Amino acid sequence: MAPRGKGHVIKETSLVCTLWLVLAAIVPVNAQTMSYADAISQLAAACRNDIAKFCKGVPLGPRLKTCFDTNDARMSAQCQQTRGVVYTSISRRAAAQRNIGDICSADIARLCGTTRAGENLLACLLAASPAALSPQCNQTFADTGWRTERARQ
Amino acid sequence: MKPHHISLVAAVLVIAAAVTGAPAQQQINSGQMATSLAGVSNTRLSLTGAQMRQAVLDNIRNYPGTLPPRPLTFPELENLAQFIVEVDFDFNSAVIRPSSYRSIGAIADALHNPILLGYGILVIGHTDSVGGRQYNVGLSQRRAEAIRDALIDPFNVNPAALEAVGMGEEQLRDPAHPTSGVNRRVQLINVGGKFCFNASGERYVCP
Chain A
1 MAPRGKGHVI KETSLVCTLW LVLAAIVPVN AQTMSYADAI SQLAAACRND IAKFCKGVPL
61 GPRLKTCFDT NDARMSAQCQ QTRGVVYTSI SRRAAAQRNI GDICSADIAR LCGTTRAGEN
121 LLACLLAASP AALSPQCNQT FADTGWRTER ARQ
Chain B
1 MKPHHISLVA AVLVIAAAVT GAPAQQQINS GQMATSLAGV SNTRLSLTGA QMRQAVLDNI
61 RNYPGTLPPR PLTFPELENL AQFIVEVDFD FNSAVIRPSS YRSIGAIADA LHNPILLGYG
121 ILVIGHTDSV GGRQYNVGLS QRRAEAIRDA LIDPFNVNPA ALEAVGMGEE QLRDPAHPTS
181 GVNRRVQLIN VGGKFCFNAS GERYVCP
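Sequence lines, in order, name chains A and B.
All letters in the first sequence, in the order written, are residues 1 to 153 by the numbering used here.
All letters in the second sequence, in the order written, are residues 1 to 207 by the numbering used here.
Please note: incorrect hints may appear among the correct ones.
[Unchecked claim] Quick partial rundown of chain A residues pointing at chain B, CB under 7 Å, derived from the structure:
{"no.": "1", "residue": "Asp50"}
{"no.": "2", "residue": "Gln78"}
{"no.": "3", "residue": "Arg147"}
[Claimed, not checked] Chain B is nowhere near these chain A residues, computed Cβ spacing over 12 Å in every case:
{"no.": "4", "residue": "Ser35"}
{"no.": "5", "residue": "Ala45"}
{"no.": "6", "residue": "Ala95"}
{"no.": "7", "residue": "Arg110"}
{"no.": "8", "residue": "Gly113"}
{"no.": "9", "residue": "Gln153"}
Hints were generated in silico from the structure; no laboratory data involved.
As the structure is a computational prediction, the values presented were derived from the model and not from experiment.
Don't be surprised by glycine CBs; every beta carbon is placed ideally from N, CA and C.
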C-alpha cells in the first residue's frame, strides 16, 4: 500500500481506517514494515498461550487467522493487539513488494533509465540514496524490506 | 540442548536447532539463505515432483527393511543450491509448532528476496526413522505441504513457485543415528531456472 497521510486514510473504508488507526496508535505510520520472521515470531510470543488454549492443532495459515477471528473476544489483549499489528505489517510489506515497480517507475526511469522488473529494479533502488527517491517511492521501498534483507546477505 | 552446527559448504547452510519443542534459539538469517539458494546452475532439471514421490515409493518396495538398506539419491539435485532448516511439528502431525513460526517467516523473507524472483523451489520434508517407512513418507509429505501452505498464506509466496515432496526416512542425514533429530528437516532446493510447477508437479517456464 502506498504511504498516505492520515487525511487520505480517513477517506477510505472504515475497515482500512480502523486498521491504520490501530497501527498508528502503536507505531508511527511512516515506520518500516517488519520482516516476516520478526512479524510472525512476535505473534508466536504474544499469542502462544491463546493459540494453545483456543487454536490448538490449527495450522499456521488462513485457518489460524480464522481461529483468531472466531475467538477474538476471548483472547488476551496482548494477543489481540499484536496480531493486528502483525497481519497489518505482513499485508503492507506484501503490497509494497507487489506495487514497487509501479510506484517507483518514474524514479527508476529518472535515475536508471529503465523500468525493467526484478534485479535491475532492485539494483537501481538500492544504489539510490533515500533522499534521491520521491517520498512515496522511498516509503514503499522501505516497506518492501529489501534494504534490510540486502544488508543481511 | 544439542550443540549447534553450521557449515557453509557447497552453498549448503545447515542449521541444527534444538530438537525439543522449546523456542528455537538459533535464528535463520534470511539474507544468507537467499544468497545460498541463489547460487544456482542453470541446468534444466527434468525431474518432477511426481517422479520424486514415485522414486521414494519404489525405494521402499525395492529395498525393504525396517531402515532403508540404501539411501535414495537424486543425482540431478546434488549440485543445486539448497538450504536445510529444522522445523518443529506437533508429534505425528503436520501442525507447525509456534516455536518454528519464525523459521517459516525467515524462509518467506528469503524467497521474497528479488535475487530469488521467479525461481522454482522444491520443499522436501524428511523424517527420522521412528515409525514405518511408508507412514513416514505420508507424514513428511503432509509436513512439506504444511510449510508450502504457510509460505503461500500468510506469507504471500507465489504458489506456482513451490513444490512439496515428502521423502520420509529414505534420505537419513545421519544413518548411524537414524532416530536423531538431525534427520528431521526440511530441505529447500532451487530447481535452477525460472520455472514454476503445475498441479501435477511438472515444471514450466514461469509466465
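Evaluated hints:
no. : hint   : result
1   : Asp50  : violated, 10 Å
2   : Gln78  : violated, 14 Å
3   : Arg147 : violated, 11 Å
4   : Ser35  : violated, 5 Å
5   : Ala45  : violated, 8 Å
6   : Ala95  : violated, 9 Å
7   : Arg110 : holds, 20 Å
8   : Gly113 : holds, 19 Å
9   : Gln153 : violated, 4 Å
In summary, the structure is inconsistent with hints 1, 2, 3, 4, 5, 6 and 9 from the numbered list given earlier, while agreeing with the others.
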